[in-house]
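Novice: Read off the chains here:
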Amino acid sequence: MTAPGNMQSSQKATLWVIATLSFAMAPQLVRMPVPVVIMTLLPLMWRIGAEIRGWKPLPVLVRHGATAVALLTMYFSHGSIAGRRAAVSLLTVMLALKLIESYRIRDARLILSFSLFLCATQFMFNQGIFMPFYGALTVIIALVTLTQLHRNEAFSAFDETPPVSASLFSELGFSFRLLMLAIPVGLSLFLFFPRWATPLWGIPESTLDSKTGLSDSMSPGSIQNLFMDDSPAFRITFEGDIPRPSELYWRGPVFWDFNGKTWRGSMFRKTLGADSQPDESQAQWKYTVQLEPNERHWLFSLDYPATTPRDSRITIDFQILRRQPVTQLLQYSIGSDSTFVDSPELAAKLKSSALDLPDGSNPRARELIEGWKREGMDDQAMVRRALTHFNQEEFHYSLESPLLGRHSVDEFLFDTRMGYCEHYASAFTVMMRMAGIPSRIVTGYQGGWYNEVGDYLLVRQSDAHAWSEVWFPDLGWSRVDPTAAVSPSRIASGSLGALSAPRHLLDYTWLRSFRNGADIVQQRWNDWVIKFSADSQARMFSSFGLERLSPSMLVTILFAVIGLFSLFLLPFILRVKGPDRKDPLRAVWLKFLKRLKAAGFEALPSSGPIELAYSAAHQLPRDSQSIHHVADLYSRSRYSATPPPLQELRDAIKEFHPMKNTG
Amino acid sequence: MNTAALISQENGINQRFNLWILERVRRKRGSPELPFTLEYRHIYVMPTMFGFWFGVLLALTAIGGLNFNNNMVLILAFVMAAIAQMTSVLAYRNLSGITLLGFRAPPVFAGQAARFTVLLKNPEERLRFAIQLVSSESSDCTDIKQQATGGLELELMTGRRGWIEMEPFRIENRYPLGLFRAWSVIIPNARCLVYPAPVPNPPPLPKTGRGDFGATRKGEGEHLHGLREYQPGDPLGRIAWRTSARHQTLYSRTMEAPCEDACELNWYLMGGRGTEEKLSILTAWILRAERQQIPYSLEMPAAALPADLGEDHRNACLEILALFEK
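Protein sequences appear in the order of chains E and G.
Sequential numbering of the first sequence, starting at 126, is according to the numbering used here.
Sequential numbering of the second sequence, starting at 397, is according to the numbering used here.
Do not rely on the hints blindly, as some may be mistaken.
Simulated crosslink set (DSSO-like; lysine-lysine; CA at most 27 angstroms straight-line) [claimed, not checked]:
no. : chain 1 : residue 1 : chain 2 : residue 2
1   : E       : Lys-336   : E       : Lys-474
2   : G       : Lys-541   : E       : Lys-137
3   : G       : Lys-424   : E       : Lys-719
4   : G       : Lys-541   : E       : Lys-722
5   : E       : Lys-476   : E       : Lys-395
6   : E       : Lys-716   : G       : Lys-541
7   : E       : Lys-386   : E       : Lys-474
8   : E       : Lys-719   : G       : Lys-517
9   : E       : Lys-719   : E       : Lys-785
10  : E       : Lys-716   : G       : Lys-603
11  : E       : Lys-779   : E       : Lys-719
12  : E       : Lys-722   : G       : Lys-517
13  : E       : Lys-498   : E       : Lys-386
Just so you have them, the derived chain G footprint on chain E, three or more residues with Cβ under 8 angstroms [claimed, not checked]:
no. : stretch
14  : 253-262
15  : 316-327
Bear in mind the hints are in silico, worked out from the structure with no lab data behind them.
By construction, the Cβ of each residue, glycine as well, lies at the ideal position given by its N, Cα and C atoms.
With the sequences and hints as input, model every part of the structure.
Specialist: Below you can see the structure in the form of structure tokens.
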């Protein structure tokens, strides 16, 4: 006799396993490099073919060769296999490859278990509102597969087909019911299983390979790419008034160093803390930000943050840097004071780095500035002159900007004159530095979509923006947005309103507002589920007067809830169903038997209706007539070619009240 | 007894565990009195090997989710855990209430597998999925529909003639997902008669050569044997109408075929062979005589049967041989 797990899995079960794996890997596939996707799908397709067409198993050498090729493809496409996303890709590819040598139930179960694990890993990257539904679908398919494998295992030793064969519909239904029944216990585990306040281990930064959003450098095109990305960056709930759109500058990475093409922040300034910070009591705006995970360190705020969120610090140029990268939905409350004066005096070292430009670059721009300088303008007039230049000359705010070469600012200012906010910010900052005004680039987000239902502001990645800051003595660093000079609507109505052409095929205004409105669902989901943590768990019952729940209390509640469920609810749900609903006749008949039993007549299971009627009538002579009547109706309903209506039998039984035989 | 070999396919710990359970059952409950209904105290539930590793994987997933406070991962792990836990109840429920009605085991010849049929009844209004019987040597599986009876067969290789006791067996199921196994150990009080193995090439049948030995094949044949009172089922052509008319009641003719060649199977006339060999030869002779429709008598030290033919006679003779003791 073969050990149960060593038996071959049937065709049906194998195809179900493949279906589960496909569902589990699909969200991963869309983000994988194309060659890796091919290496994943090939073995999968082969296995389906082998199952349907009966192809022979591949020789060992071919299988090992395929594995080697897949691993090499992985390595070259991802660059490394150390990252989180790369690791999930690796798991996906290995599971697909395992398929080609899986013929036993044991292997099928292995693949199935890891498919569920793979399904869980998707949630590291996406915790969107649709993911739980997708996850539930995957679980249902996995449950059908497990059922199949179980039937397969139980019956594979015998030639006969199982006496009961279920339809696909009933199998899906059964799995769905299992899932639904599990949800109460699953939810109580979710709510009451003690959480860890601090993680036992962190995610090494080197494994973060799915960074999104603004990066630590800015070269032409980097923000433009974000413009296509409609995923939410963060959501803000204000206490009190919401600032006007022109004030909604969400400050992120700040750049000082320019090499002629790329702007970078420098570690040196990142390590310096802010000399002074606005007073918390001065903060005009108080708000809570819910930041989507982006695997980066920046937290975003309006100018200038008066409070420092937990586990983070504020640098000298008012970037808020978190100690750990943001890999989970992060919520922080912060206050901002826009009237604060940032560095009324600037240290010489900082001043020089805010004026630094690569040697010999952009001669034409330098010439233009020299011309303005000769007109004897002061610093503020110079700023105005530059903005007027952008405003008066033929500049276009456009996504289609040609690639720029060595003298990128020159080419932009005099030749192409087309560009996106980053081009304007970059050109403007370079011009200011040429004029001897300390300046720097600030990137972040501008604007946001106000959701009236949820009373929060939604900022998408497509709201990414770049602007400049110039420094004047005593006035400190002041924000100047050259894009506003070219395209005022960019600031007034948001990044998408400023462009005339849609970004892609499905880019309609109504669709965008629908999506913005529908974001409330995601926001609530984040609020209620994704954000749930050790802290929210402990304060779950604070409204009932229980300040903090200790882990032991949580466990007690957990067991109480599960116990209550198992004792009362589960038996109720699992109670033995009455007679088959598909056979109403039998249901009615059983009711009749019940009445007889109450009167003291016990029917033998073997007796037919007529025989039963005779013995019942013998025992209960007073009801003999009605007993015979019911039995006759029943046997005619059951066996006659022209059965009487069911209602007749129902009525007869309704009126049937046998008297207990006392004699 | 074969108790040690109850589960040969599983590893040492498992085997020891099964032995321990078997001893427990033997001590507490012994052989069941039929009909025997499986109740909660008879049923054990444990995760299967697959269930165990599945649980480990779920635990790892949950630990990852807890560490990074990834609530979606946690929900998935917890819901899967709840499903798994629930299937242990379902596995138990799938077994509880099943009634063991009895055992049946037609006699076999030594060297053949004894086939014990276990009759199970599902007295309830729900389907029982994939109920398995497992013994050390074989297993069987079936679904039992609502209020239906199912027969499952367990085989047991026989070595020598005589009674063979049915092994203890498990009635189990891994319904619905194969994560948990619910089982009950049954120590059956059933046995199967094992006839001696017939020798392949027996010596020729020892014929008496006396046609008047007395044994005749009754019922069939052309010679009139006698008359008896009519019984329902007698062919019309056999009714002795004239005699019946005289006695005012129906009489049937009984017929007989003369036995030209009855044979006498006699223990004492078999020479100096070994006991088992003699028994095997006698068995082969009985089978051959049956096949050739030659009446045979059997004479053994402790018993003797007159010459006859037919299933009952054959079985009676074989039983004597099976249970023969020196």
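Novice: Taking only the CA atoms, is the gap from E:Lys-722 to G:Lys-517 under or equal to 27 angstroms?
Specialist: The given pair, whose Cα atoms are some 22 angstroms apart, holds under the 27 angstroms limit.
Novice: Check the hint pairing E:Lys-719 with E:Lys-785 against an upper bound of 27 angstroms on the C-alpha distance.
Specialist: 13 angstroms, holds
Novice: Hey, E:Lys-779 versus E:Lys-719, does the alpha-carbon distance stay inside 27 angstroms?
Specialist: 12 angstroms, holds
Novice: Need the status of pair E:Lys-476, E:Lys-395: alpha-carbon distance at most 27 angstroms?
Specialist: 16 angstroms, holds
Novice: Do the alpha carbons of E:Lys-719 and G:Lys-517 lie within 27 angstroms of each other, as the hint requires?
Specialist: 22 angstroms, holds
Novice: Between E:Lys-716 and G:Lys-603, does the CA-CA distance stay at or below 27 angstroms?
Specialist: 69 angstroms, violated
Novice: Below or equal to 27 angstroms on CA atoms is what counts here, so check G:Lys-541 against E:Lys-137.
Specialist: 23 angstroms, holds
Novice: Assess, step by step, whether the Cα of E:Lys-716 is no farther than 27 angstroms from the Cα of G:Lys-541, and give holds or violated.
Specialist: Answer holds: E:Lys-716 to G:Lys-541 is near 21 angstroms, not above 27 angstroms.
Novice: Starting from E:Lys-336, check that the Cα of E:Lys-474 is at most 27 angstroms away, please.
Specialist: Roughly 32 angstroms between the alpha carbons, so the hint for E:Lys-336 and E:Lys-474 is violated.
Novice: Would the pair E:Lys-386 and E:Lys-474 pass a check requiring their Cα atoms to be no farther apart than 27 angstroms?
Specialist: Distance of about 23 angstroms is within 27 angstroms: holds.
Novice: Going straight from one Cα to the other, do G:Lys-541 and E:Lys-722 come out at no more than 27 angstroms?
Specialist: Between G:Lys-541 and E:Lys-722 the Cα gap is close to 25 angstroms, so the pair holds against 27 angstroms.
Novice: For the pair supplied as a hint, G:Lys-424 and E:Lys-719, is the alpha-carbon distance within the 27 angstroms limit?
Specialist: Violated - the C-alpha atoms of E:Lys-719 and G:Lys-424 are around 37 angstroms apart, more than 27 angstroms.
Hint compliance for this structure: hints 1, 3, 10 are broken, all remaining hints hold.
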